[in-house]
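**Student:** Chain by chain, the residues:
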Amino acid sequence: EAGVTQSPTHLIKTRGQQATLRCSPISGHTSVYWYQQALGLGLQFLLWYDEGEERNRGNFPPRFSGRQFPNYSSELNVNALELEDSALYLCASSFDRIYEQYFGPGTRLTVT
Amino acid sequence: RKEVEQDPGPFNVPEGATVAFNCTYSNSASQSFFWYRQDCRKEPKLLMSVYSSGNEDGRFTAQLNRASQYISLLIRDSKLSDSATYLCVVNLSGGSYIPTFGRGTSLIVHP
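Sequence order for the protein chains is A and B. Reading the first sequence from the start, the letters are residues 21 to 132 in my numbering. Reading the second sequence from the start, the letters are residues 36 to 146 in my numbering.
Isolated chain B, as found in the complex (with noise of 0.2 Å):
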């Protein structure tokens, strides 16, 4: 099982719809965790951490259900803007372990 797994997509919804993406993580100790948004040929950037007790910022709600390990993002009334890759981030406790990105959710709003 892949340390942090995300569904590639690509998710094409209309303008207007709600959209939800999950991304499992395999070990428990994991400590935190991101949403973070890639352009084409961009650089990702920070969306928004995800607290133990959530976290929404206008459109976009964080999840995070440590006892199913995943973390979730709901985006609602999307927009044509929010087009683009999002990649989830999980960050493991102590050690010298490194912060882990998904492979991404691609995310398609179409008119």
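Bound-form chain A, shown alone (with noise of 0.2 Å):
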């Protein structure tokens, strides 16, 4: 079974720029997260989608925003890109909330 796929691997933009990134969950999986982890710190929960509709946002300006489209796939857009924003994104699916998430390899955003 196909795991969480994540696109692209790498990133890199200027600041100013957009960025979007994309993400597959599992198969069968409805809930899809996305966490901003900078260099040496913890995961930061940005969005969590279910069955279409954001469900919950961290403390992030809404310069991040996102989408989760029919086929539960994902894409998380961060506009007016700033230094600060470069880290490892990463996207993880499960089955419903209570249950365990499964993580993707992430997309390495570097901000110029």
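No lab work stands behind these hints, which were simulated from the structure alone. Honestly, I wouldn't trust all of these hints.
[Unchecked claim] Some chain B residues judged to face chain A by a derived CB distance under 10 Å, without partners named: (1) 81; (2) 95; (3) 114; (4) 139.
[Stated by the list, open to error] Here chain B is said to cover these stretches of chain A; the calculated rule only asks that three of the stretch's residues, wherever they fall, bring their Cβ under 8 Å from a Cβ of chain B: (5) 63-76; (6) 119-132.
Ideal Cβ placement from N, Cα and C applies to all residues, glycine included.
Starting from the two chains in their separate frames, assemble the complex, guided by the hints.
**Tutor:** Here it is, written out as structure tokens:
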């Protein structure tokens, strides 16, 4: 069974640009979570989507947004990139909120 | 008090040692619990779920203490390959709560 996939693996952008990150969950999983992990720091919760709806968002500015498509894949958009947005962005999926999450390999975003 | 707290370590132990980590949580309505392992610059990988009756998988044992609101992870006969950061995760019941990750405990196993 295929795991969670994310694309691209690496992304280099300049300050002020927009970045789009993509995630495909494990088949059968309807919940998708996005996390930011800056170097040396813990996972910071960004967004949670379930059944196409945004269920919760973390303490991040509105320039971080996303959506979930009918096939449960998801997209994270970061507008007006800032240097401190450089981090590993992890996507995870689960069957339901209370069940374990499975992570993708992440997208490493570098903002110069 | 943080929702989920872990001692960041690092725990520096020799091969073959037994090491234990605790993770405390603040909300008594917490419903499900997990331990993850994260290697440097990699994604977290599920290590094991934590059940009320405890859970054992080879050298790893996880326990839940609801009265004192903590979960534990015991690693016996440590291997060099066990060196990683161990994250605990706590899920609350109901509403729009999301799973909460601890900051992780770093384990270094040396020869």
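**Student:** Take the hints in turn and mark each one as holding or not.
**Tutor:** Comparing the hints with the structure gives:
Hint status for residue 81(B): holds, given a least beta-carbon distance of 5 Å to chain A, under 10 Å. At about 15 Å, the closest approach between the beta carbon of residue 95(B) and any beta carbon in chain A exceeds 10 Å, and the interface hint on this residue is violated. Proximity of residue 114(B) to chain A is violated relative to the hint, the smallest CB-CB distance being about 23 Å (cut-off 10 Å). For residue 139(B), the interface hint holds, since its Cβ comes within 10 Å of a Cβ in chain A; the closest pair sits about 6 Å apart.
Under the rule that three or more residues need a Cβ within less than 8 Å of chain B, the assignment of the segment 63-76 of chain A holds, with 5 such residues. Counting residues of the segment 119-132 of chain A whose beta carbon lies closer than 8 Å to any beta carbon of chain B gives 8, which meets the minimum of three for the stated coverage.
In this structure, the earlier hints numbered 2, 3 are contradicted, and the remaining ones agree with it.
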